[in-house]
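J.: This is what each chain is made of:
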Amino acid sequence: MSANAETWGAPPAEWTRSHLLGLETLSREEIILLLDTAERFRREILEDPRGTGRKIPLLTGRTIVNLFFENSTRTKTSFGLAGRRLGADVVDFAAATSSLSKGETIIDTAQNILAMGVDGVVIRHGCPGTPHILAQRLDRCSVLNAGDGTHEHPTQALLDILTIRRRFGRVEGLTVALVGDIAHSRTARSDIYGLKKLGANVIVCGPSTLVSQCWEKLGVEYSYSLDSILPRVDVFNLLRIQFERQVVRPFPSIREYALLYAMNAQRLAACKKDVLIIAPGPINRGVEITPEVADGPQSAILDQVTNGVAVRMAALWLTISAGQKNSN
Amino acid sequence: MKDLFLENARVIDPAAGLDRKANILIRAGKIAAVDPAEAPADAERLDLSGRIAAPGLIDLHVHLRQPGGEEDETIESGTLAAVAGGFTSIACCPNTQPPLDTQASVELVRQLALRARHCRVYPLCCISKNREGNELAELGVLFAAGAAGCTDDGAPVADAELMRRAMEYTLMFDKPVLSHAESLPLDKGGVMHEGLVSLELGLRGMPAAAEDIMVSRDIHLAEITGARLHVMHVSTAGAVAAIRRAKERGVKLSAEVTPHHLTLTDESLRSFDSNFKMNPPLRSARHVEACIEGLRDGTIDAIATDHAPHAREKKIRAINVAPFGIIGLETALPLMIEKFIDSGLLTWPQLIEKMSLNPSRILGIGKGTLAVGADADVTVIDPEAEWTLTEETIHSKSCNTPWLGRSFKGRAVMTIVEGEVRYKI
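Those sequence lines, one after another, are chains A and B. Yeah, the first sequence ends on 328 if you go by our numbering, and it's all consecutive. Yeah, the second sequence ends on 1425 if you go by our numbering, and it's all consecutive.
The following block holds chain A by itself, in its conformation from the complex (with noise of 0.2 angstroms):
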C-alpha cells in the first residue's frame, strides 16, 4: 500500500521554479525548501516507518525522461527511483554524443521531447548550459539538470548539504573543504553556490594547477596544502580527479597527487574528532581516498546515496507541479 497522496499535501506555495538548473540562481530560501521537502521524503517514504510500501503517488500519471549524453549510474538510477517512488512513469532516453559539425542538436532533441508529450526531463550533458537551453525551449515541461559539463549539478549539491545537515543539524558556520579536482567539478560549483548561501566557510583544496585563485572573489577560501587545513574543517567532500575533462594533465603523476591530498588514516587523525566524510562518487579508492577512511565511521558516503533519493524526489516533485501550475 502507498502512502496517501491526499494527507501529504500540496506543493508549497513558495516554490515556483519549472526548471532546476543550478543552485547559483536559487535563493537561500528555496534551497532550504528543497531540503526541507527532501528530509520530509526521506523520513516519511524511504525510511517507511508506516509500512508504505516506500512509495507515494504524487506524480501519477506523469512521465519523465532521463536524458544522458554522459555516463552515469548512480544519478540516473537515483533520478530514475526517485521518479517511480513518485509514481511516475521513467523512460531512458539513449542519447549517444557527436563531434561532428552538424548533426542532431540539442533544439531537435527538446522538439522531439515535446512532441512526445514528456513532463520532466533530466539532462545530462557535457556542454555547460545545455538545460539552461532546453529550458529555454520546453515551457509546458520540466528540466533537471543532471550535470552540465563543468558547470553546475545541483542535486548533488543538495544531496551533500542535506547529508551535512542531517549530520550536523545545522550548515551555517560550518566550515566545509572541497578537495581535489575543483576546476573540472560541476560539484564543485553547485556546492559553492549552496553552501555560500547557507551561511558555510567553504575552501577550495588541491593542487594549483586545479585551484584557481580567482575563488576568492566568490567569498571562497583557497588552499594547496590538505594538510594544513585539517584541524580546522567541519567537512571534507573528496572530489574525483576528471582525468576525461582535462586537457593537459595538471599534475605529474596520480602517485604525487595521492601523496599530498589523499584523505588516508593518518590525516584523519589531525581532523577534528566529529569530522565528516563525504564523496560525490564514484570513488576512486587510494586515490583521493583510502578503503580505510571510506568504510570508516566518518564517513557518510552510503548515507548520501539515500539523500540522494529524497533531494530528487523533492526536486521532481516540486518542479513538475509548479509547471503543471504555470501552464494552467
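Keep in mind the hints are simulated off the structure, nothing from the lab. Note that this is a predicted model, so its numbers are computed, not measured. Heads up, the beta-carbon is just placed ideally off N, CA and C, and yes, glycines get one too. Among the clues, some could well be false.
Quick look at which bits of chain B chain A covers, simulated, 3 or more residues with Cβ under 8 angstroms [unchecked claim]: (1) 1189 to 1198; (2) 1308 to 1319.
Lysine-lysine pairs mimicking DSBU-like chemistry, simulated, CA-CA at most 35 angstroms apart [to be verified]: (3) A/K76 x B/K1188; (4) A/K197 x A/K325; (5) B/K1252 x B/K1339; (6) B/K1188 x A/K196; (7) A/K196 x A/K217; (8) B/K1188 x B/K1247; (9) B/K1021 x B/K1002; (10) B/K1252 x B/K1002; (11) B/K1409 x B/K1339; (12) A/K217 x A/K325; (13) A/K76 x B/K1314; (14) A/K217 x B/K1188; (15) B/K1002 x B/K1030; (16) B/K1339 x A/K217; (17) A/K55 x A/K196; (18) B/K1314 x B/K1188; (19) B/K1409 x B/K1021; (20) B/K1188 x A/K197.
Given the structure of chain A, go ahead and fit chain B onto it with the hints provided.
T.: Only chain B this time, still in chain A's reference frame:
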C-alpha cells in the same frame, strides 16, 4: 553611365580635412569635382540633405566562405551584405576550402566578386601552403594574382622562424602580413575569455596571455624584418599596450579592432548563447576599455568586422562545439555610431577615418578619400534613420548575430561603388 550629382550632403573626407556641406560630381566612376559651379544638365541629381557623404567604408576582415562554405555565405550574399552595411571595399580571408593558396583560387574569388557586382573585393592569401604553417605559399604569384596581403588567419603560424621568413619575403612586394595573434596551445579547448565568468560557468577559458604573447612575438619579428605587420582583431589590454609601445619606437605596424570587442564583455556568456562565442573571445570590461582607449588614441588604426557567417545548424549546437564568430557587415556602422558618435568619444571624421581611410592605407589600395580623381566609392549615411535588425533585414546568408531584434539609430542608406549606386534604401 550617367553622371551622378550628390547635393546638399555633409561631406566628410578626413584625407582632405573636409567636413562641410558640399556637392559632389561623379563621372565615369571617378570623383569629377567637389563643389562644381553647377550640375551638368543630364546628371542624375541625388538630394542628400541631412545625410553624410563619406568615402566608401572599407572592411579589412571578412569571411566570404566561398569556395567551400557556401552553406554559410557566398561571394554574392556576402558582398551584398557589405554594400547594405555601407562597405564599398572588403578584404576577404583565405580560410576557404580550398584555401586561397593558389593563383586559381585567388582569381576565382576576384571573378565571382566582379560577377556579383556589389562591392570591391580584395582577397587575402595564405601565408603557408594549405594554412599548415610548414612552408610558404607562393606569395609572389598570389600577390600578382591580386591578393592584397597574406594571413593564415585562424591557423596562426606557430613557427616563429617561418613567420619571420614570411615577413622578410613580403618586403619585396610591399604587402602587409596580417596576424591572427593567438597561442593555440594556451587556448586549446577554450570557449570564452578566461576569468571570473568562465570560472563560474565552467566553460574552458582562453587567457588574454594567449593573445599578448603572439602579438609581442609578431611585433619583434616586424621590428627585425621591417615588414608591414597588421594585427587583426585586437582584444586585450596587453596587446594594446604592446602595440602602443611598438609604434612609439617606430615599428611599422597597424591594428584593427572589431565592433563586438568594443561593445560586449564576457558577461554576455552567462546566457550560454553561442552568438557570444567568438575568437578572440569577448573579454572582460577592463580589456574592452583598453581597446576603446587604443582606438581613440590611434594605437588601433581601424575598425574591422571579422564578419564570420555560420549556417544555423552549426551555430545552434552546444556552445562548446559551436563554431566561433558572428556576422558583422550590417551592424558595424550602426553599432559604432551608437558607441562613439552618440557618446562623443569620437567625432564623425575620426570614425570615418577608422572605417575607410586607415583600412585603405593598411591594404595599400589608395582609397578612403573623396578627392578629385579618386574612385567614386561613396557611403551615404543617415545618422537619424531608426530601424530594427531582424532576420528579414539581413542580406548575409547567415543570421548568427547577438543583435537580432535590436533597434538602432543611424545606418548607411546608399552605397555607391565605381560611380554606380549599388545599394539604396
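J.: Each hint: holds or not?
T.: Here's how the hints hold up against the structure:
By the rule of at least three residues with a Cβ nearer than 8 angstroms to a Cβ of chain A, the coverage given for the segment 1189 to 1198 of chain B holds, with 3 such residues. Given a C-beta distance limit of less than 8 angstroms, the hint that chain A covers the segment 1308 to 1319 of chain B holds, as 6 residues qualify and 3 suffice. At roughly 31 angstroms between alpha-carbon atoms, A/K76 and B/K1188 fall within 35 angstroms of each other, so this suggested pair holds. A threshold of 35 angstroms between alpha carbons decides the hint, and for A/K197 with A/K325 the separation of about 27 angstroms falls inside it, so the pair holds.
Among the hinted pairs, B/K1252 with B/K1339 is consistent with the structure: their alpha-carbon atoms are about 29 angstroms apart, no more than 35 angstroms. Under the criterion of a C-alpha separation no larger than 35 angstroms, the hint pairing B/K1188 with A/K196 is consistent with the structure, at around 32 angstroms. Pair hint A/K196 plus A/K217 holds up; C-alpha atoms about 13 angstroms apart against a cutoff of 35 angstroms. For the given pair, B/K1188 sits about 31 angstroms from B/K1247 by alpha-carbon distance, which is consistent with the 35 angstroms threshold.
Our distance criterion of 35 angstroms between C-alpha atoms is met by B/K1021 and B/K1002, whose separation comes to about 23 angstroms. Simply put, B/K1252 and B/K1002 have alpha-carbon atoms about 42 angstroms apart, too far for the 35 angstroms limit, and the pair is violated. Simply put, B/K1409 and B/K1339 have alpha-carbon atoms about 11 angstroms apart, close enough for the 35 angstroms limit, and the pair holds. Distance restraint check for A/K217 and A/K325: the Cα-Cα separation of roughly 38 angstroms exceeds the 35 angstroms cut-off, and the hinted pair is therefore not satisfied.
Between the alpha carbons of A/K76 and B/K1314 the distance comes to roughly 29 angstroms, so the proposed pair stays at or under 35 angstroms and holds. This hinted pair checks out: A/K217 and B/K1188 have alpha carbons roughly 25 angstroms apart, not beyond 35 angstroms. The straight-line distance between the Cα atoms of B/K1002 and B/K1030 is roughly 12 angstroms, inside the 35 angstroms bound, and the hint therefore holds. A distance of roughly 30 angstroms separates the Cα atoms of B/K1339 and A/K217; the hinted pair therefore holds under the 35 angstroms criterion.
About 33 angstroms separates the Cα atoms of A/K55 and A/K196, which keeps this hinted pair within 35 angstroms; it holds. Among the hinted pairs, B/K1314 with B/K1188 is consistent with the structure: their alpha-carbon atoms are about 20 angstroms apart, no more than 35 angstroms. A hinted pair counts as satisfied when its Cα atoms are at most 35 angstroms apart, and B/K1409 with B/K1021 qualifies at roughly 22 angstroms. Taking the CA atoms of B/K1188 and A/K197, the gap is near 34 angstroms; set against the 35 angstroms cutoff, the hint holds.
Violated hints, in rising order: 10, 12; the structure is consistent with all others.
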